[in-house]
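Novice: Each chain, letter by letter, is given below.
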Amino acid sequence: MSAESTSNKPRIGVYICHCGTNISHTVDVEKVREWAETMLGAEGVVIARDYKFMCSSLGQELIEKDIKELGLERVVVAACSPHLHEMTFRGASKRAGLNPYLTELASIREQVSWVHTDKAVATEKAKAVVAGAVERVVRNEPLQEIRVPIHPDTLVVGGGIAGIQAALEIANAGFKVYLVEREPSIGGHMAQFDKTFPTLDCAACILTPRMFEAGNHPNIELLTWSEVTHVAGYVGNFTVTIKKKPRYVNTDLCTGCGICVEKCPKKVVDDVYEAGLGYRKVVYTPFAQAVPKYPVIDAPNCTYFQKGTCKACEKFCPTNAIDFTQKEEYVTLQVGNIILATGYDLFDARRVSNYGYGRLANVFTSIEFERMSNAAGPTAGNIVLRDGKTQPKTVGIIHCVGSRDKNYNNYCSSICCMQSLKFAHLVRERTGATVYEFYIDMRTPMKAYDEFYQRVLEEGTLFVRGKVAQVTNAARNEREEGKLIIQVEDTLAGKQRRIPVDMVILSIGMKPRRDSKEISHLFGVGCSSDGWFIEKHPKLDPVSTMTEGVMIAGCATGPKDIPASVAQGAAAAARVLNKIMQKEVVLEPIKASIDQEKCSGCRICNGLCPFNAILFHENRMVSEVNPALCQGCGTCVAACPAGAISGSGFSNEQILAQIDGLLMDLNLAAA
Amino acid sequence: MSKPKFAMYWSGSCGGCEIAVLNIHEKILDVDAHFEVAFWPVAVDAKAKDVEALPDGDILLTLWNGSIRNEENEHMAHLLRRKSQLLVAFGSCATEGCIPALANLSPLREIFETAYHTISTDNPQSIHPQPRTAVPEGELTIPALKDRVYTLAQVVDVDYYMPGCPPESHQIAAVIDLVIQVLEGKAQLPPKGSVIGTGNSTVCDECPRQRNVKTIKAFHRIQEIAPPDPQLCLLEQGIPCNGPATRSGCDARCPRAGAQCIGCYGPAEGVLDYGARLMTAFASVIDATEPQEIERILDGIPDPVGQFYRFNLADSLLKAGAPAFKSNHR
Amino acid sequence: MSASFEPVIIGFTCNWCSYRAADLAGTARIKYAPNVRLIRLMCSGRLDPTFVMKALADGADGVLITGCHPGECHYIEQNYKALRRYLLLRRVLKGMGIAPERVKLVWASAAEGMKLAQEINTFVEEIRALGPLGWNKKLAGREHPVDMPLEEVAV
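Protein chains in written order, with this note's numbering: chain A, 1 to 671; chain B, 1 to 330; chain C, 1 to 155.
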């Protein structure tokens, strides 16, 4: 069955996987095998086999045996995507003593059998894909993995519950963590909430201990009121620059007594923590349990900064901690890994103008309701209309505001059903009002969620299935007078309804941080067109990114509830700890290098590398690639006018040969 | 002992290469001292039949200058290949097609139309040349043009390549010295297929102009900049200089003189397509990310094929083409 | 050309976005035209115009270049280099008389399996409408290669 190689080309083995029937259902595997053995003999193929599951241990042993017994110098496995099993088959080759980089995977499942239907056509395409891989593998060169040490410190960006969890996991394992938060306190959105679904735990009661632990942990250095401005380096060896915004409070002297806050004569609307419902002082801590306890001075609103007088805070501070001369400060950190837990922003309800938010006083957003129902909030937990005193008798809660809507965000925000049910429960509990829920679909999939839905149903909340058309104050009859009227098609009853209510709560969705694109650039992670960060694999690697050493957790990758965010924070930490414990990381040897003889020093490539991996030697007038910084994109390889830059793993020779192989059928026919 | 034989032939080209050989001055006496000139139509009276009469491999060294434009060129290429031990593609036409190969941008009938039937041609009898023409004295034959211009290596096996339009005289002299040293047993020939009489890098390597990280906001024709900065890299001034992609060996003659390199020494070692190297290099350093702005900057290169393939078209991957317009000078 | 013309297209994909989009199309069993044969690069910035020229010269009827959306490049900004090269390459192809529409640049993120499949189908139909390029056959057959119709341009 084996044909002797007729050329001086390396001896190649071709292995074609049936993948059960995933491939063989659409591709005539036996035909491809036979063709590879006969037609590709001149290209160096000495053996071609097919097997039910190449990735099984028996399949791998088949390859290992052939490498040893037939002296194979190259291996092509025609199976699934290299993103799934490249490592598997490289491993098999390595065990048999063949350099792993002399093995190529040809994707005939994802790119052929799963996406085409005509068996004859799919078989021909599979041949072309195999020919491409064979031609390419001939030009593969043995490569050596690159090992770099891992710095044991970690940067966590974002001090919400996901970031706090991640920081605590790593710190408790005994490693240093820098936790960066751009607001004055850690805590994130969770710190704004009143109760958490479905258990109705008080958010502050469960969050505060974690915040305190993070704030006082010997291995965690909090950098609040700070932002990352620059990231350089690569996995194991990042250099991060952080801007510490001036607090105008000397944290070495401040005891967090709060006298400055008390004495500050100026109040401003608190758009952040209180969602615009309440006020805060100009020198403030966002909330009572803030960590760290030190206040900040809001300089753009401070009378002293604007007019040069006041200084009440300074006068009354018992420890002389107020320091108006503080400037922003930049610190540089060395870390081995980074976790991005930058969270989300809320959808701007004003965009759905037919729901009247911002125009109709008693239309509230979900975050406003959270603050209103919080005992520490602006209404001390009283659920009242915008006038601050009247309790509503009827409340309408509208789901999916800005979510599942092509005009705004196409995706489901995942938490809105449950938060709406929670609101219904709280309204009924605190006011006894009649509550309507307007939903498209009820989504309660997690543990104890549907039971909570049953409970709210039993409590007497009324559910109307339909997307609300509008909220208006234009009454058509006496019953509607002075009310907000919710116009909706009740799709279960099959009719249009107008339901007058006193208060409307818009369950607004989550959206990516407004600066998520900039953040993704800064850290070199992928970001969807929506703005959510992209996981390395949505199922199997949800907290890693395409950039080694940068993990993601929580709502930065998409809407999530608290348990999922916490789980992701812990998972990202586990990933980081795994890397730290290995002490070094193996990098793919896909790197550019410059032939110093051929380089003319034209400097075309010098500005092309976003990782600053290309150095220019003025004395010798040649450019050189620093392999530690090179990420292997190959842009400089493709740009070099002298052809002096080569890229290992994706060389010109490999790619051009692959083109030859992919088009082999055309040129055989032409010849 | 008789001297080894030397030949030089001129096919589809301008003749500048022959001048460049004569431009080596006294060195030409070394050629005479070491070689017997068997065939060199420009310098010596000899006929093709004299070459045919030689035993195969009788000529040690043939410098072939010119592209393969017609059947006679091809016939002579095969003949001299057979008779020569070492066949050198000499000059840009033989190595990569050079200016004659720009004709590959027009189908043959277009070329004849332009040459014989447009307003600039005085051709009252509307003569259209044919390979065979009957005249009272008998039948005249002229060599038919091939479908396109070929390089020497595209029709016969070539031992060495010596690019340049023309090759620099100091490089010719160096190559002649090398061959003489080989004859005297003092040196070895480079591996077959080598490019000889050049540097290992590109023109920038020999260019004295100051270079920085490149960002191009606009391309200009050189006459639009008056005068270009004499110290600074021309490409950085927006002048599309082909130096970065062009093989060194000329000592950066044009950029030193204040003119951009136009690429006559062809691609660097190992490069498959010269024009592709240049276009990727130029495009990479354009300072724009918006398609409209990029297009605006690219408008500064009005004739991209001429810019990138002036010398290399016959040896490029696509080899020929036909722009979507035809000359219409009638 | 006859209605049975099946274009052969070489597609260049970025390891981080469009190659994964192709994986996703596979996983989701989204069907698309079998005329495209893909090559994985690490980044669209790796795309050398040589590859496109090579594919066209070797008989491909079209070349599809895919990369991450602008601003979403895994390597920060290298897809812009691909964009610039692509725009210049189209001009060169036009100058050689090859319909620039035979080369197309498409952005597709890792999540856009459906989009990639649709773009492939669209491109296959566009190339089918243009007809075969057959550069390799024309050159080998000593036929002057012509793609775009020669238009009369008054000078």
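Everything labelled a hint here was simulated from the structure, so no lab data went into it. All residues carry an ideal CB built from backbone N, CA and C; glycine is no exception. Hints may be right or wrong, so weigh each one.
What the hints assert, rightly or not - Straight-line C-alpha distance at most 25 Å; calculated PhoX-like pairs for lysine-lysine:
{"#": "1", "chain 1": "C", "residue 1": "137", "chain 2": "B", "residue 2": "146"}
{"#": "2", "chain 1": "B", "residue 1": "146", "chain 2": "A", "residue 2": "9"}
{"#": "3", "chain 1": "C", "residue 1": "94", "chain 2": "B", "residue 2": "217"}
To be verified - So, partial list: chain C residues that the calculated Cβ filter (under 7 Å) puts toward chain A:
{"#": "4", "residue": "38"}
{"#": "5", "residue": "57"}
{"#": "6", "residue": "59"}
{"#": "7", "residue": "70"}
{"#": "8", "residue": "71"}
{"#": "9", "residue": "104"}
{"#": "10", "residue": "106"}
{"#": "11", "residue": "138"}
Novice: Now tell me, hint by hint, if it's right for this structure.
Specialist: Hints, one by one, checked against the model:
Our distance criterion of 25 Å between C-alpha atoms is met by residue 137 (chain C) and residue 146 (chain B), whose separation comes to about 17 Å. Distance restraint check for residue 146 (chain B) and residue 9 (chain A): the Cα-Cα separation of roughly 36 Å exceeds the 25 Å cut-off, and the hinted pair is therefore not satisfied. In summary, the hint linking residue 94 (chain C) to residue 217 (chain B) is supported, as the alpha carbons are separated by about 23 Å, within the 25 Å threshold. At about 6 Å, the closest approach between the beta carbon of residue 38 (chain C) and any beta carbon in chain A falls short of 7 Å, and the interface hint on this residue holds.
Against a cut-off of 7 Å between C-beta atoms, the interface hint on residue 57 (chain C) is violated, since the closest Cβ of chain A lies about 10 Å away. Below 7 Å, beta-carbon pairs count as interface contacts, and residue 59 (chain C) has one with chain A at about 4 Å; its hint therefore holds. For residue 70 (chain C), the interface hint is violated, since its Cβ never comes within 7 Å of a Cβ in chain A; the closest pair sits about 10 Å apart. Satisfaction of the interface hint for residue 71 (chain C) is found here, the shortest Cβ-Cβ separation to chain A being roughly 6 Å, below the 7 Å cut-off.
Using the Cβ-Cβ criterion of 7 Å, the hint placing residue 104 (chain C) at the interface with chain A is not satisfied: the shortest such distance is roughly 17 Å. Hint status for residue 106 (chain C) relative to chain A: violated, with the closest Cβ pair at about 14 Å, above 7 Å. The restraint placing residue 138 (chain C) at the interface with chain A is violated, with a minimum CB-CB distance near 10 Å, outside the 7 Å limit.
Violation of the numbered hints given earlier is confined to hints 2, 5, 7, 9, 10 and 11; the remaining hints are satisfied by the structure.
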